[in-house]
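A.B. asks: Sequence:
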Amino acid sequence: MPSNPIPVIDLSPWTAGDRAGRKRLAGQVDRALQATGFLLLTGHGVAPELPGRLRAAAQDLFHLPPPVKARYAQSTDRRGWIGREKVVTARSEGTWTPPDLLEVWSCAADSATRPGQTRRLPDRWPLEVPDLHPLVTEYTERMRSLADTVLEVMATALDQPANLFTRHTTRPNWDFIINWYPAADETGPAAPGQFRIGPHTDFGLITLLDRQPGKGGLQVHDDMNGWQDAPHMPGAITVNIGDLMARWTADRWRSGRHRVLPPSPDAPQEELTSLVYFHACAPDTTITSLPTPTGRTSYPPVRAGDYLRDKMQAIYTTG
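For any residue, its number in our numbering is found by taking its place in the sequence shown, counting from 1, and adding 6.
Simulated from the structure, these hints should not be mistaken for laboratory data. Please read all numbers here as calculations on a predicted model, not as lab measurements. Incorrect hints may have been included.
Unchecked claim - Straight line, CA to CA, 30 Å or less: simulated BS3-like cross-link-like pairs of lysine-lysine: (1) Lys29 - Lys221; (2) Lys317 - Lys29; (3) Lys221 - Lys317; (4) Lys75 - Lys92; (5) Lys92 - Lys221; (6) Lys221 - Lys75.
Stated by the list, open to error - Simulated DEER-style distance windows between Cβ atoms: (7) Arg130 - Asn169: 35 to 41 Å; (8) Leu56 - Arg30: 36 to 42 Å; (9) Asp235 - Thr143: 16 to 22 Å; (10) Thr143 - Pro54: 17 to 23 Å; (11) Gly51 - Asp191: 33 to 39 Å; (12) Asp129 - Gly58: 23 to 29 Å; (13) Thr300 - Glu192: 28 to 34 Å.
Glycine included, C-beta positions come from ideal geometry on N, C-alpha and C.
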């Protein structure tokens, strides 16, 4: 793996609308995703202050007393506050680890149950942090638009119609989580094999990640070189593909394994907050692998909603 395992891609030629610029950009995206399944996206047009405002509101939430946060604990649909010892992400790939060292605020837009309408989950938001709900709404609307643009670039990179993927994302089905990684001073030393987030691949189409750098930060895995620290660029959004996109492209673009390291004893007061947007297609979408020469490995067709449900059920503890 090269010293910078994640290529940097400037999206601005796509929004400029120049045909030659779009073609070059699509080729860059194709090469990046074949190499790592990840890219760092610049020129995306997201207001630079928006992630910081949302992160500040989220930190207000996570620093509330535990009994207060418990009022907004996840319901049966797993939306709301998720406390520690509740998530074991590595289980999604059949690996056992101790529970992940994090807390989560989980929310979603689900239009599957009521045609023509969208239900935003959770139903209850923390009264103690009134800015959280409007900021999440603003941020996820911006991420949804950006994700569709990225999907159009990706379809063009495959020499397919630009709406190959986005015709299945017209209903605003998405998942958004805010991951808070407490400091080592608060969690104590990690258990053997314990991570802030255990090794895994993401499950859906693409993920848009706004992250903070740290000693206990993101690592990506390469079959030849193993685990390496993911590069960070201020203002850039980390994009990676998920399992459903890997299946759709028949492993032309593989879903990259990644993990978040445990808190480092060298930075005992380091706490990090990540904003993670998962773009999803309609649950009834049948994912069928593209044929050769575009694809490499043909997968049996799978219903998107079934695949995502099974993966999500695997990672949550019952305690």
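A.B. asks: Would you mind marking each hint as holding or not holding in the structure?
C.D. replies: So, going through the hints one by one against the coordinates:
{"no.": "1", "hint": "Lys29 - Lys221", "verdict": "violated, 37 Å"}
{"no.": "2", "hint": "Lys317 - Lys29", "verdict": "violated, 35 Å"}
{"no.": "3", "hint": "Lys221 - Lys317", "verdict": "holds, 28 Å"}
{"no.": "4", "hint": "Lys75 - Lys92", "verdict": "holds, 14 Å"}
{"no.": "5", "hint": "Lys92 - Lys221", "verdict": "holds, 23 Å"}
{"no.": "6", "hint": "Lys221 - Lys75", "verdict": "holds, 27 Å"}
{"no.": "7", "hint": "Arg130 - Asn169: 35 to 41 Å", "verdict": "holds, 36 Å"}
{"no.": "8", "hint": "Leu56 - Arg30: 36 to 42 Å", "verdict": "violated, 28 Å"}
{"no.": "9", "hint": "Asp235 - Thr143: 16 to 22 Å", "verdict": "violated, 33 Å"}
{"no.": "10", "hint": "Thr143 - Pro54: 17 to 23 Å", "verdict": "holds, 19 Å"}
{"no.": "11", "hint": "Gly51 - Asp191: 33 to 39 Å", "verdict": "holds, 38 Å"}
{"no.": "12", "hint": "Asp129 - Gly58: 23 to 29 Å", "verdict": "holds, 27 Å"}
{"no.": "13", "hint": "Thr300 - Glu192: 28 to 34 Å", "verdict": "violated, 48 Å"}
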